[in-house]
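Visitor: So the chains spell out like this:
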Amino acid sequence: MGKFGETIITIMVAIIGLATLSVIISKNSNTSGLIKNIGNTFNSLLKVTVSPISGSNSL
Amino acid sequence: MPVFLLIIGVLMMVLAVRGNTTYAINLVKADVLGTNGFVMWILAVIVLVSLGHIKSIRPVTDAFLGLVILVIIVYSYKNNNSIFSDFVSQVKEGVSTNGNCGQTPSATITGGGGGSSTAQNAADIIALAGV
Numbered sequence: 001m002g003k004f005g006e007t008i009i010t011i012m013v014a015i016i017g018l019a020t021l022s023v024i025i026s027k028n029s030n031t032s033g034l035i036k037n038i039g040n041t042f043n044s045l046l047k048v049t050v051s052p053i054s055g056s057n058s059l
Numbered sequence: 060m061p062v063f064l065l066i067i068g069v070l071m072m073v074l075a076v077r078g079n080t081t082y083a084i085n086l087v088k089a090d091v092l093g094t095n096g097f098v099m100w101i102l103a104v105i106v107l108v109s110l111g112h113i114k115s116i117r118p119v120t121d122a123f124l125g126l127v128i129l130v131i132i133v134y135s136y137k138n139n140n141s142i143f144s145d146f147v148s149q150v151k152e153g154v155s156t157n158g159n160c161g162q163t164p165s166a167t168i169t170g171g172g173g174g175s176s177t178a179q180n181a182a183d184i185i186a187l188a189g190v
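The listed protein sequences correspond, in order, to chains A and B.
Counting from 1, one number per residue, gives the positions in the first sequence under this note's numbering.
Counting from 60, one number per residue, gives the positions in the second sequence under this note's numbering.
Since the hints were derived computationally from the structure, they do not count as laboratory data.
Quick caveat, the model's predicted, so the values are computed rather than measured.
Misleading hints may appear alongside valid ones.
Claimed, not checked - Heads up, incomplete: computed chain B residues facing chain A, CB under 8 angstroms, no partners named: (1) Arg77; (2) Lys88; (3) Gly125; (4) Leu126; (5) Leu129; (6) Val133; (7) Tyr136; (8) Ser141; (9) Val147.
Said to hold, decoys possible - DSS-like cross-link-like pairs, simulated, lysine-lysine; straight-line CA separation at most 25 angstroms: (10) Lys114(B) / Lys151(B); (11) Lys151(B) / Lys47(A); (12) Lys27(A) / Lys137(B); (13) Lys47(A) / Lys36(A); (14) Lys36(A) / Lys114(B); (15) Lys137(B) / Lys114(B); (16) Lys3(A) / Lys151(B); (17) Lys36(A) / Lys88(B).
Beta carbons are placed, not taken as given, at the ideal position from N, Cα and C, and that holds for glycine.
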């Protein structure tokens, strides 16, 4: 592939990167809620894992 | 990959011994082919990975793959307002009731519809296997 092809590939990657960025920062995506949810899930799984020791059945 | 295949193999063996094979197959079928199933996403990923073997366009396919995975996660969260809530609830249920070993499966087939449903069905299959 020549220099022109490499330039095209770079431009395409940049456009896809821009699309990715717009998905992340879009209000519709609610990325902050998503990150919070992932944290809560991790927290819940951790609680479930240690529940036999901690004795908390409420989880 | 070998470990993943080993886990699948053990899961299938346990399901066969416990006689829940048909139920597990229906769960997976509903998830993949049901309403809003994952077949299109799976096809997209397969095509992107296949195109990624062409060295010159590898960066483009990698970027696309990342975008697809991001959209799957965001779409799943947007639809269910949670990603793994069903999976976590199944795990909690398994811990609090010591699983449902030896009981008739009581889970319902939800018919696909996003990652959360998939997580629930995956947890159902594991619960059916009594692992």
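Visitor: Each of the hints needs a verdict: does it hold here or not?
Guide: Hint by hint, here is what the structure shows:
no. : hint                  : result
1   : Arg77                 : violated, 24 angstroms
2   : Lys88                 : violated, 27 angstroms
3   : Gly125                : holds, 6 angstroms
4   : Leu126                : holds, 5 angstroms
5   : Leu129                : holds, 6 angstroms
6   : Val133                : holds, 5 angstroms
7   : Tyr136                : holds, 5 angstroms
8   : Ser141                : holds, 6 angstroms
9   : Val147                : holds, 5 angstroms
10  : Lys114(B) / Lys151(B) : violated, 45 angstroms
11  : Lys151(B) / Lys47(A)  : holds, 9 angstroms
12  : Lys27(A) / Lys137(B)  : holds, 11 angstroms
13  : Lys47(A) / Lys36(A)   : holds, 16 angstroms
14  : Lys36(A) / Lys114(B)  : violated, 37 angstroms
15  : Lys137(B) / Lys114(B) : violated, 35 angstroms
16  : Lys3(A) / Lys151(B)   : violated, 56 angstroms
17  : Lys36(A) / Lys88(B)   : violated, 31 angstroms
Violation of the numbered hints given earlier is confined to hints 1, 2, 10, 14, 15, 16, 17; the remaining hints are satisfied by the structure.
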